[in-house]
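Number of protein chains: 2
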Amino acid sequence: MDLSTVQIPVERVAHSKRSEVDFNHLPFGKVVTDHMFICTFRDGSWQDPRVVPYQPISLDPSAKVFHYGQTIFEGMKAYKDTEGKVWLFRPEDNQRRLNISAKRLAIPEVPKEIFMEGLKTLLKTDQDWIPTAPGSSLYIRPFVFASGKGFHASPADEYTFIIACSPSGPYFSGKVSVRIEETYSRAADGGVGFAKAGGNYAGQFYPTQLAMADGFQQVVWTDDHHHEFIEEAGAMNIFVRIGNTLLTSPTSDRILDGVTRKSILQLAEDEGIPTEVRKIRVRELVEASQNGTLKELFGAGTAAVVSPISSFGYQGKRYELPDLENSYASQFRKRITDIQYNRAKDPFGWRFPVE
Amino acid sequence: MDLSTVQIPVERVAHSKRSEVDFNHLPFGKVVTDHMFICTFRDGSWQDPRVVPYQPISLDPSAKVFHYGQTIFEGMKAYKDTEGKVWLFRPEDNQRRLNISAKRLAIPEVPKEIFMEGLKTLLKTDQDWIPTAPGSSLYIRPFVFASGKGFHASPADEYTFIIACSPSGPYFSGKVSVRIEETYSRAADGGVGFAKAGGNYAGQFYPTQLAMADGFQQVVWTDDHHHEFIEEAGAMNIFVRIGNTLLTSPTSDRILDGVTRKSILQLAEDEGIPTEVRKIRVRELVEASQNGTLKELFGAGTAAVVSPISSFGYQGKRYELPDLENSYASQFRKRITDIQYNRAKDPFGWRFPVE
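Line by line, the protein sequences give chains P and X. Count the first sequence with the working numbering and you get residues 742 to 1096, in order. Count the second sequence with the working numbering and you get residues 742 to 1096, in order.
Keep in mind that the hints were calculated from the coordinates and are not lab data. Among these hints, one or two may not hold up.
[As the list claims (entries may be wrong)] No farther apart than 20 Å at their CA atoms in a straight line, the calculated lysine to any residue pairs in the SDA-like style are these:
#1 Lys844(X) - Arg783(P)
#2 Lys890(X) - Asp801(P)
#3 Lys890(P) - Lys844(X)
#4 Lys771(X) - Thr924(P)
#5 Lys771(X) - Arg783(P)
#6 Lys771(P) - Val762(X)
#7 Lys890(P) - Pro794(X)
#8 Lys890(P) - Asp801(X)
#9 Lys890(P) - Val762(X)
#10 Lys890(X) - Arg783(P)
#11 Lys771(P) - Ser799(X)
#12 Lys844(X) - Asp801(P)
#13 Lys771(X) - Lys844(P)
#14 Lys771(P) - Asp784(X)
#15 Lys890(X) - Glu761(P)
#16 Lys844(X) - Thr924(P)
#17 Lys890(P) - Thr924(X)
#18 Lys844(P) - Tyr947(X)
#19 Lys890(P) - Ser895(X)
#20 Lys890(P) - Asp898(X)
#21 Lys890(X) - Asp784(P)
#22 Lys771(X) - Asp784(P)
#23 Lys890(P) - Pro797(X)
#24 Lys890(X) - Asp775(P)
#25 Lys758(X) - Asp775(P)
#26 Lys844(P) - Pro797(X)
#27 Lys771(P) - Pro911(X)
#28 Lys890(P) - Asp784(X)
#29 Lys890(X) - Pro991(P)
#30 Lys771(P) - Ser895(X)
Input sequences plus hints: build the corresponding full structure.
Encoded structure:
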């Protein structure tokens, strides 16, 4: 396949399901659009990229994704501005990161041309599905999984790359309260924590259920050695504001290099907010809460955007965060969404037109 | 469903594929039998257990297994003795362990009755597929995966439990050489290393590819803190013989509690072999190799049975193991397979008749 001239054929649905959807009350990630992009890796190359009606996938029971969790994904969003123009936010960063994940999971990398042309063709096909109600957007889920067969614990010989889209409302409903984890862990040094690998998420579900049973919505993961440093929250990176200083953990082979995370760091620099990217001790958080210098805690991610955290739990105690006017979280949220929805200038070149 | 009287209906294939298979030259895990067992968790309970023709699975692209790696499995084998009787090896241990994995991965546990009756019904249906050539057996793969839909990173509301079977030859062909890992890691403290979770395997593929490029077949994983202690090999637990003492690492939340591993420990006790279950330093292995006391290194697992290791690599050096007559590995392999194939007495009650 000549990648410089990749053309994506489109097979359209006979009847759109769009009229069945209430676009003013969208859940997160449950409604899907009419079409999906699909491409198959077989005989050593990615083949047959196309947009087809959204449809079930048929797989052999020995497909390796079922047994060895060989699967990676990305999370992105498309936004429609008041003139009906469609925008993405830093999509090439997602494309690059998908291939960083692919390499670590022994999955063949997806050529940039296939990713970008497939994405654009799908978005143009389903552009009427992009919601415009406040706080809603089209959540985009590119994913690659091992569709090749066999019970031997080794990489597959066939992979499937799909992009699906879901018109979605907010990821969190209501206030977000987190528990700082003291028992379970998300990632190992030298492991796959930096990748958007399926297995990273499955391993978080049980500890998150335990936290939810105690009234929290998310877990803030800590290092697996001594649970001494905060890392990330699985669905989002974590930011801390102590006094007027913004802190976040450095990325590593345990922590995802979030697109929203790095956008916030750049906005903070742009606005002259003092920032420290360094390991953050749980102890430091607790002490700052106790002496009144802990002003904010918030999560940042594509799905969660910027989500203020109202309290955190640690060693059986709950620490409340103050309810600030004009918080960093609300400032960053406004600046990022204004760029995403084309309501403000984009000095960093983050907005990407779909045309 | 009344579990005490669970009946498994069987839908048979119209035409068996059995005559197409060369039972004297079986690969590992590539050939599948005519039927499979399937059962679905939905609306809060496991439903509709049945044996059906082996067939593709149809899933929504948003099925959570594709995104969050929420999947677990077991590995078992069925053996046919010279009189045509069919045996399993400690199957209730696999059933128990599947549910230990299930709990950690937030997957609903499979009732013992469904697991055991489903397994027995399937094996009776496909008993003509159990190979009898030396070194071959019917590899059995029970697995449970999240078939429920949605892009929200949370546990699914539907799961599928399948048992598939593959008449198989040996897992390894030829000598096995391992590399002791110094960079990558398999498991975190507080993670899912003790579970047979899909994600544990996907994360091993890339480091294993790197090792294979350097002439090794498997990686021996070490702790993620300092790569100081040997843990397990992903597809098998690791045993070391220094002098006449047998050593293996203790199980933990990082190391799988292997059925073959614990069977070997019991055989060693039975035979009066001095045994130490304790953390083993890589340094100790290297020193024992250098001073000539390192006699054996072998892997143990259902697929690999007992696999002698001919050399190990560490810090760019390769250490050869001696080629012993009457090695522990060969003794254990003989004792275990003699019990499995009903060629010897079974003092421990490990053999389980399928009838």
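Hints violated by the structure (numbers, ascending) | Hint check: 1, 3, 4, 6, 10, 12, 13, 17, 19, 20, 21, 25, 26, 27, 28, 29 fail, others pass.
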